[in-house]
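Student: The chain contents come next:
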Amino acid sequence: MSWEAVIGLETHVELSTRSKMFCGCPARFDAPPNTNVCPVCLGLPGALPVPNREAINRIIRIGLALNCSVTGRSVFHRKNYFYADLPKNYQISQFDLPVCVDGYLDVGGDHPGRVGIERVHQEEDTGKSTHMGGDGRISAAEYSLLDFNRSGVPLVEIVTRPDIRSAAQARAYAQELRLLVEALGVSDARLEEGSIRFDANVSVRPGPEAPLGTKVEIKNMNSFRSLERAVAFEIGRQTACLDGGERIVMETRHWDEEAGVTRGGRTKEGSSDYRYFPDPDLVPLELDQDWKDEMAALLPELPARRRSRYEGMGIDPAQAATLAGADVHLRGLFEGAVEAGARPQQAGNWVSGEVVAALRSSGRESLADSPLSGPNLARLLAMVEDSTLSGLAAREVLAGVLAGEGTPEEVASARDLLQISDAGVLEAAVEEVTADHTEEFARLCSGEQKLIGFFVGQVMRRTRGKADPKLAGRLIRERAGL
Amino acid sequence: MPIDIDIAHVARLARLRLSEEDLEAYGRQCRDLLEHVARIQALDTEGVAPTSHPFPMTNRFREDLVTPDSVLDRGEVLAQAPSTEREFFRVPPALEDD
Chain A
266 MSWEAVIGLE THVELSTRSK MFCGCPARFD APPNTNVCPV CLGLPGALPV PNREAINRII
326 RIGLALNCSV TGRSVFHRKN YFYADLPKNY QISQFDLPVC VDGYLDVGGD HPGRVGIERV
386 HQEEDTGKST HMGGDGRISA AEYSLLDFNR SGVPLVEIVT RPDIRSAAQA RAYAQELRLL
446 VEALGVSDAR LEEGSIRFDA NVSVRPGPEA PLGTKVEIKN MNSFRSLERA VAFEIGRQTA
506 CLDGGERIVM ETRHWDEEAG VTRGGRTKEG SSDYRYFPDP DLVPLELDQD WKDEMAALLP
566 ELPARRRSRY EGMGIDPAQA ATLAGADVHL RGLFEGAVEA GARPQQAGNW VSGEVVAALR
626 SSGRESLADS PLSGPNLARL LAMVEDSTLS GLAAREVLAG VLAGEGTPEE VASARDLLQI
686 SDAGVLEAAV EEVTADHTEE FARLCSGEQK LIGFFVGQVM RRTRGKADPK LAGRLIRERA
746 GL
Chain B
66 MPIDIDIAHV ARLARLRLSE EDLEAYGRQC RDLLEHVARI QALDTEGVAP TSHPFPMTNR
126 FREDLVTPDS VLDRGEVLAQ APSTEREFFR VPPALEDD
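Chains A and B are the protein sequences, given in the same order.
Counting in the numbering used here, the final residue of the first sequence is number 747, and the numbers go up one at a time with none missing.
Counting in the numbering used here, the final residue of the second sequence is number 163, and the numbers go up one at a time with none missing.
Derived by calculation from the structure, the hints in this document are not laboratory data.
Some hints here could point you the wrong way.
Computed footprint of chain A on chain B; a stretch qualifies when at least three of its residues, placed anywhere within it, have a C-beta under 8 Å from a C-beta of chain A [what the hints assert, rightly or not]:
hint : region
1    : 91-103
2    : 138-146
3    : 149-157
Calculated pairs, SDA-like style, for lysine to any residue (alpha carbon to alpha carbon, straight line, at most 20 Å) [said to hold, decoys possible]:
hint : chain 1 : residue 1 : chain 2 : residue 2
4    : A       : K353      : B       : A76
5    : A       : K353      : B       : S148
6    : A       : K353      : B       : P157
7    : A       : K393      : B       : E152
8    : A       : K557      : B       : N124
9    : A       : K353      : B       : Q145
10   : A       : K353      : B       : T123
11   : A       : K484      : B       : A159
12   : A       : K353      : B       : S135
13   : A       : K393      : B       : L143
14   : A       : K393      : B       : G140
15   : A       : K557      : B       : R127
16   : A       : K557      : B       : R125
17   : A       : K393      : B       : H118
18   : A       : K344      : B       : T116
19   : A       : K344      : B       : A76
20   : A       : K344      : B       : H74
21   : A       : K484      : A       : R455
22   : A       : K393      : B       : L137
23   : A       : K344      : B       : L81
24   : A       : K353      : B       : R80
25   : A       : K344      : B       : S148
26   : A       : K344      : B       : A159
27   : A       : K353      : B       : E141
28   : A       : K715      : A       : E743
29   : A       : K480      : A       : A497
30   : A       : K557      : B       : D129
31   : A       : K557      : B       : T123
32   : A       : K344      : B       : V75
33   : A       : K393      : B       : S148
34   : A       : K393      : B       : P157
35   : A       : K353      : B       : L137
36   : A       : K353      : B       : V75
37   : A       : K393      : B       : Q145
38   : A       : K353      : B       : A159
39   : A       : K344      : B       : H118
40   : A       : K353      : B       : L81
For glycine and all other residues, C-beta sits at the position ideal for the given N, C-alpha and C.
Pulled out of the complex, with its shape left as it was, chain B reads as follows (with noise of 0.2 Å):
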């Protein structure tokens, strides 16, 4: 079952430059990855629910408490950032699509 996919869009919205070799070789095991997907999905599945997580887990919460000790401080934090100015991150301007 032959799968199309614009391996060269979905590069873009990742933000990866690929060549033509790379895009050649990913797109060719996207499209396998896709053809067994579509396999699976040609399953009957009525009946059974999405596993969207693969173990039987849910509710897990915290509850609304602030916890100062996890708060970093601001002059470690900033120190990391390749560009700051005064208490802010500095960052290039946001382009309009690339």
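Isolated chain A, as found in the complex (with noise of 0.2 Å):
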């Protein structure tokens, strides 16, 4: 039997304020353990949670990058349950008055298509458990150790319609939704340290006109890879389970990274098990349309309206998405280039290919304070279009140029890279290796048309790799009477 996978995410994304969603402790949690702690986020009683309002400003201007509508009146709700990392026993959350409702992220690439998403709300994280013995796995642990420095810190969950329908447009959407995140500056929106997460609540049914099957969330996965492989291997469970006469269990389940499968954990709470109430503490939120215009004129260019753009200059698609997933600083570089009057598609290779290689080798992190501008580059790549420059001398002009030894000009004449274009000298280059090689020249001038590279090698060898390689190459066949 065939089936069809329906697939929803929920995506948690910490933001980057300075201090928690309820206090003005740190929200770095890379801090010592339980250092960044107060009575609110260890949850001792009497304290008094007072939201962070640049928290709202940013679940907002997500909801509208996202097309959501923001509510105007949304409510803190605290969601009821019993973890050790959870110190208050309850999640300030949100439950039926979300900040965003109804908005959706196009996915383009391999996998194009729509996914709407349902809200997104503002909530807190949790204090982080490390699982001691037992190989640190959480099911044969001895104990557990908690550090509550994260506990607090601002919690925006992005949770989607079941539109998505397969592993791989399930990456497609983690990923488009990452570089939205990063472009609005909300989030370091890193999956590695845990400052974004996704899961996955996966489900099979017959066809596309059958009702939903029943669900099973998949957690623990540390990358786009990971995620992709869990959600395959969880629909190819779910329908060998069914084809196998089985049913499927509502439950929560691991993702093994290692083992390649997806593991049964609880059996999977039902949203009145939480009992949702609104919490007493915290007075609603109103958001009047000033509010939303404000953020709104805060808006950055979003990710596909910069793809669209740079396609719109001429650069192939894929090279406009490596160019618009770049940092600030090499998009600056190349948009500057391109200003200065550089061709995009050149300006986007170097940008990507030789400057990215270049600041590697300088062990440089990114292009921050970098004597390399936009005009620098532009005025580099000119000089490679005019022969001026070979592509191999431009690499090592731009080495020097990130090292702060001047304009493109400057370097090339210092490092003495200049390309000779003038025909004069390089006659007599060619007279000299013509003279050099007798037997090679006579053969060549008898038609031996593949002995003019060789002629260009040693014409560049006796000038040390200065020569225009083409202008060479005319005056050889001219002497050859070709």
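With the hints in hand, could you dock these two chains into one complex?
Tutor: Here you go:
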């Protein structure tokens, strides 16, 4: 029997605010354990949470970027459950009145489609548990250690509709969402550090018209690749179950990266089991049009729009996607070079190729405060175009400019890299090499064309790589009477 | 209007261990409460905004500022806990459901 997979993703995004969601503790949790804690985020009796205005600013921007309606009135609820990393025994979250509802994100690439966004709500992160003993596996742990630095860090949850139909599309959505969040500047959006985390709800059904099957939530995917693998595995597991006449149990399963399987865990609680109720400590939010307008005005250019703008410059789609996803400094360099007259495709190739490579070998982290400016890159590329510099020499000039040795022209002349395009000078070199290799030259004259390469090589060698190879080739051909 | 409630389930969610008599007594009380709520729910509230909070107050915020003075001393915090290890709280393993 053939089955259709139905997938929805829940994404948790940690906001990179200075302070936590409901208290003034630093929101950075890379500090020594349990040093960014206070009565509010430790859940001590009598502590009063007060929402961070900047977190609300950011969730509004996320909602607007996802084409959501930002609701006028929004309420915080308590989500009640018992777990050691949740010191209040409830998480402040949102239930029926989230900040944003009803949006979408368009996913392009090989798996195009519109993924509906059901809701975007504001909540707080939990503490961090480290399971000790039993190989670190949660089920076999002897005990756990808790660090509450992360407790209360602002967390935004983005919930899709069950619109995704394949593991690859789930990955494409996740990657697009991460780009969006990064472009908004609201979060570090680093998967490996857990500042953006994806959970997937997976079910299968006999066909597009059939009712939705029983869904299983899968967690613990730490990369886009493991998200895709985990969803693919889970689709296979469920279809095998159903084909074998078994039923799917509603549960939460954990992805085991090493074994490449999902493993069953606790049976999923129904939402009524969380006994949501409005948090009496937190008064409702009233988000008026002025506030939304103010946030809308702060939205940067979003990745999808940027990609199509780059494509509109005449750059191929793959290169446009790479550049649009590059950091702000690389993009600035690219756009600056194009503004200064560089051809977009050439500038794009250099920025995502040579410049990235040169940065890496120079040991720099980024182009921030680098002497390489857009106009500098444009001049360098112009020198390659008009044969003042060979491609090889241009790379050396690039390294020099990055090292602060001056403009491309200054570096090229200081390092003696300017290409010899003076026909008179090259003519002399051609005369010398043909005199040195009379036998080969005779063969060339009698029509052995492939020897052109040999002679150009000789001229390059004699001029220590500075000859314009095109001009050298033409002069050799002329001399041989070809 | 009789209302059914699985009081044992509610007690389990709240991690309360109740005797048979307790279950019986609290079950009766909860049913009475829910019946009262059901009567209210039967009213026509078309056009009335739900009251989540009893006072007419909205939008209380703090600015995004770190307040070092409110941060607690780790030694003092850990000293309150029944079990610690190095700079962490130490807790029993998470059980997969009870």
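Student: All the hints need checking, so say for each whether the structure fits it.
Tutor: Do the hints match the structure? See the list:
1. With 0 residues having a beta carbon nearer than 8 Å to a beta carbon of chain A, the region 91-103 of chain B misses the requirement of three or more and the stated coverage is violated.
2. Given a C-beta distance limit of less than 8 Å, the hint that chain A covers the region 138-146 of chain B holds, as 3 residues qualify and 3 suffice.
3. Beta-carbon proximity to chain A at under 8 Å applies to 8 residues in the region 149-157 of chain B; the threshold of 3 is reached and the given coverage holds.
4. A threshold of 20 Å between alpha carbons decides the hint, and for A:K353 with B:A76 the separation of about 18 Å falls inside it, so the pair holds.
5. Restraint check for A:K353 and B:S148: satisfied, since their Cα atoms lie roughly 18 Å apart, inside the 20 Å limit.
6. Restraint check: the Cα-Cα separation between A:K353 and B:P157 comes to about 17 Å, which is no more than 20 Å; the hinted pair holds.
7. With a C-alpha separation of about 13 Å, the suggested pairing of A:K393 with B:E152 holds against the 20 Å cut-off.
8. This hinted pair checks out: A:K557 and B:N124 have alpha carbons roughly 14 Å apart, not beyond 20 Å.
9. Using a Cα cut-off of 20 Å, the hinted pair A:K353 and B:Q145 holds, with the two alpha carbons roughly 16 Å apart.
10. Restraint check for A:K353 and B:T123: not satisfied, since their Cα atoms lie roughly 24 Å apart, outside the 20 Å limit.
11. For a cut-off of 20 Å, the pair hint linking A:K484 to B:A159 stands: about 17 Å separates their Cα positions.
12. Of the supplied pair hints, the one linking A:K353 and B:S135 holds, its CA atoms being roughly 18 Å apart against a limit of 20 Å.
13. For the given pair, A:K393 sits about 16 Å from B:L143 by alpha-carbon distance, which is consistent with the 20 Å threshold.
14. In summary, the hint linking A:K393 to B:G140 is supported, as the alpha carbons are separated by about 19 Å, within the 20 Å threshold.
15. At most 20 Å may separate the alpha-carbon atoms for a hinted pair to count; A:K557 and B:R127 meet this at roughly 19 Å.
16. As the CA atoms of A:K557 and B:R125 are separated by approximately 17 Å, the hinted pair is consistent with the 20 Å bound.
17. Annotation: proposed proximity of A:K393 to B:H118 is violated, straight-line Cα distance about 32 Å (limit 20 Å).
18. Taking the CA atoms of A:K344 and B:T116, the gap is about 19 Å. The hint holds against a cut of 20 Å.
19. Annotation: proposed proximity of A:K344 to B:A76 holds, straight-line Cα distance about 16 Å (limit 20 Å).
20. With a CA separation close to 17 Å, the supplied pair A:K344 and B:H74 stays within the 20 Å bound.
21. Our distance criterion of 20 Å between C-alpha atoms is met by A:K484 and A:R455, whose separation comes to about 17 Å.
22. Of the pairs offered as hints, the one joining A:K393 and B:L137 holds, with about 18 Å between alpha carbons and a cut-off of 20 Å not exceeded.
23. Restraint check for A:K344 and B:L81: satisfied, since their Cα atoms lie roughly 18 Å apart, inside the 20 Å limit.
24. Restraint check: the Cα-Cα separation between A:K353 and B:R80 comes to about 14 Å, which is no more than 20 Å; the hinted pair holds.
25. Restraint check: the Cα-Cα separation between A:K344 and B:S148 comes to about 26 Å, which exceeds 20 Å; the hinted pair is violated.
26. Restraint check for A:K344 and B:A159: the C-alpha separation of about 19 Å stays at or below 20 Å, so the hint holds.
27. A C-alpha spacing of about 19 Å is found between A:K353 and B:E141, which places the hinted pair at or below 20 Å, so the restraint holds.
28. At most 20 Å may separate the alpha-carbon atoms for a hinted pair to count; A:K715 and A:E743 meet this at roughly 15 Å.
29. Taking the CA atoms of A:K480 and A:A497, the gap is near 14 Å; set against the 20 Å cutoff, the hint holds.
30. With a C-alpha separation of about 19 Å, the suggested pair A:K557 and B:D129 falls inside the 20 Å cut-off, and the hint holds.
31. Distance restraint check for A:K557 and B:T123: the Cα-Cα separation of roughly 16 Å lies within the 20 Å cut-off, and the hinted pair is therefore satisfied.
32. The suggested pairing of A:K344 with B:V75 holds, with an alpha-carbon distance near 15 Å, which does not exceed 20 Å.
33. Between A:K393 and B:S148 the alpha-carbon distance is near 16 Å, which keeps this suggested pair within the 20 Å criterion.
34. Between A:K393 and B:P157 the alpha-carbon distance is near 15 Å, which keeps this suggested pair within the 20 Å criterion.
35. Between the alpha carbons of A:K353 and B:L137 the distance comes to roughly 17 Å, so the proposed pair stays at or under 20 Å and holds.
36. This hinted pair checks out: A:K353 and B:V75 have alpha carbons roughly 19 Å apart, not beyond 20 Å.
37. For the hint pairing A:K393 with B:Q145, the CA-to-CA distance comes to about 19 Å; that is within 20 Å, so the pair holds.
38. Between A:K353 and B:A159 the CA atoms are separated by roughly 17 Å; this keeps the pair inside 20 Å, and the hint holds.
39. Between A:K344 and B:H118 the CA atoms are separated by roughly 17 Å; this keeps the pair inside 20 Å, and the hint holds.
40. Only pairs whose Cα atoms come within 20 Å are accepted, and A:K353 paired with B:L81 is accepted, the gap being roughly 16 Å.
In summary, the structure is inconsistent with hints 1, 10, 17 and 25 from the numbered list given earlier, while agreeing with the others.
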